[in-house]
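Chemist: Sequence:
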Amino acid sequence: MNPIAVLKRVDLKNILKVIFIGIGQPLFIVPTIRATKDCVRISTENYGRLHHKNGPANAFRHALWNYLIAKRCSDVRRNMDSVLGWAKKITDWHEHAFPNQELAKQMDFHNNAVGRFVFQENPEKTESEVIELLKSMTLVSVKIDSDTDLTSLKTQFIHILDQ
Numbered sequence: 031m032n033p034i035a036v037l038k039r040v041d042l043k044n045i046l047k048v049i050f051i052g053i054g055q056p057l058f059i060v061p062t063i064r065a066t067k068d069c070v071r072i073s074t075e076n077y078g079r080l081h082h083k084n085g086p087a088n089a090f091r092h093a094l095w096n097y098l099i100a101k102r103c104s105d106v107r108r109n110m111d112s113v114l115g116w117a118k119k120i121t122d123w124h125e126h127a128f129p130n131q132e133l134a135k136q137m138d139f140h141n142n143a144v145g146r147f148v149f150q151e152n153p154e155k156t157e158s159e160v161i162e163l164l165k166s167m168t169l170v171s172v173k174i175d176s177d178t179d180l181t182s183l184k185t186q187f188i189h190i191l192d193q
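Everything in the sequence shown is counted per the working numbering, starting at 31 for the first residue and increasing by one.
Incorrect hints may appear among the rest.
Within a straight-line C-alpha distance of at most 30 Å, the following computed DSS-like cross-link-like pairs (lysine-lysine) qualify [stated by the list, open to error]:
#1 43 x 155
#2 83 x 47
#3 173 x 155
#4 83 x 173
In case anyone wonders, no lab produced these hints; they're calculated from the structure.
My request is simple: use the sequences and hints to build the entire structure.
Modeler: This is how it looks when you write it as structure tokens:
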């Protein structure tokens, strides 16, 4: 993944937005880029290209991404609120900068939040332990549609497509 190539797909307004987000926490930029690269690698190792679709593997990738960002940034700054706020801010930016269908966007926001929750509940676990936890959560991911009430699924992965 080349961050420059990714930014070429984003409009100027969103480029400026992410620059201002980065200025707020410059020490989190490198850990976030590394977490993003590792997330894609780990997701591909475990699910092949399925993590690019809207199924359980995608739920895994989004949760892992948020978990890894928070975990890696906590190595720089040990403030839970700060790293969780950063992970939310940067992944929310991503969801807005790279538009998606409404239901898929809701799914991504939801699974991102689950990943942050997993970090919050397991800050001392190793990354490999959490990857195994997330893989087990993937097995029981809940298929949703536009009528699904997500409030009862706050700590569960959700997906749209079966895989």
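Chemist: Next, verify each hint and record whether it holds.
Modeler: The hints, checked one at a time:
| no. | hint | result |
| --- | --- | --- |
| 1 | 43 x 155 | 38 Å, violated |
| 2 | 83 x 47 | 27 Å, holds |
| 3 | 173 x 155 | 28 Å, holds |
| 4 | 83 x 173 | 13 Å, holds |
Violated hints amount to a single one, hint 1; each of the other numbered hints is respected by the structure.
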